[in-house]
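A.B. asks: Sequence:
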Amino acid sequence: MASHPQQLYLASASPRRAELLQRMGLRFEIRPTHVEEDDSGSAGPEQMVRENARLKAATLAGAEPDSLVLGSDTTVAIDGLVLSKPVDMADAGRMLRLLSGRTHTVFTAVALHWTAGQLEHIFIERSAVRFQELDAARIENYFRQMNPLDKAGAYGIQEGRELIIASVEGSVENVMGLPTQRLALTLEELGFDFWN
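Note that the numbering used here has the sequence shown beginning at 254, numbered continuously upward.
Don't take every hint at face value.
Claimed, not checked - Derived Cβ-Cβ restraints for the label pairs, each shown as a range:
id	residue 1	residue 2	range
1	SER256	HIS287	29 to 35 angstroms
2	LEU443	ALA296	23 to 29 angstroms
3	THR358	THR312	24 to 30 angstroms
4	ILE283	LEU438	20 to 26 angstroms
5	ALA266	ALA390	30 to 36 angstroms
Hints were generated in silico from the structure; no laboratory data involved. This one's a predicted model, so the numbers in the text were calculated from it and none came from an experiment. Note that the Cβ used here is the ideal one computed from N, Cα and C, for glycine as well.
Could you put together the complete structure from these sequences and hints?
C.D. replies: Below you can see the structure in the form of structure tokens.
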């Protein structure tokens with residue numbers, strides 16, 4: 254059995270996750286998978302992101318048994334509610350009003366699959382994000398700066414952060430969609446070297 258995967262694949266079309274892997278200095282290729290994700294949150298946010306990440310990684314790992322496949326999923330949760338990607342701008346506004354002046358949790362699951370090495374490793378990172386008080390004008394101004402429709406919770410931390418976010422406890426990269434510090438430690442613990 255091979256002692257190290259041949260390649261690292263990112264099973265995601267997310268430009269933010271690709272950017273974070275590049276910042277880490279990893280060699281990887283992007284291979285998005287097309288799976289039916291569960292965004293209902295009916296089983297709770299942790300179980301939801303865990304299963305979505307596992308599904309993305311496992312789907313590609315079957316076709317690429319000699320490679321390490323990374324699947325990831327991120328969501329926002331408050332009061333036991335999961336805030337996935339908004340369906341329209343009105344829904345995005347509703348989400349930001351719900352988060353206004355309060356602290357919520359961002360959950361990201363990372364699934365690593367290497368079929369030939371019989372490896373399936375999944376971890377979940379949590380970050381606490383506190384929002385500023387948001388009025389209608391501030392929300393409108395924020396939406397002029399970024400598109401909330403492709404982001405869980407209707408916001409991104411990389412654009413217009415100063416307009417909406419008061420503080421972050423935990424990994425900022427986790428809020429962006431990939432907890433890079435924990436991922437680096439995990440790859441080292443598993444003995445995988447994909448660094449340039």
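A.B. asks: Taking the earlier hints as the rules, which of them does this structure contradict?
C.D. replies: none
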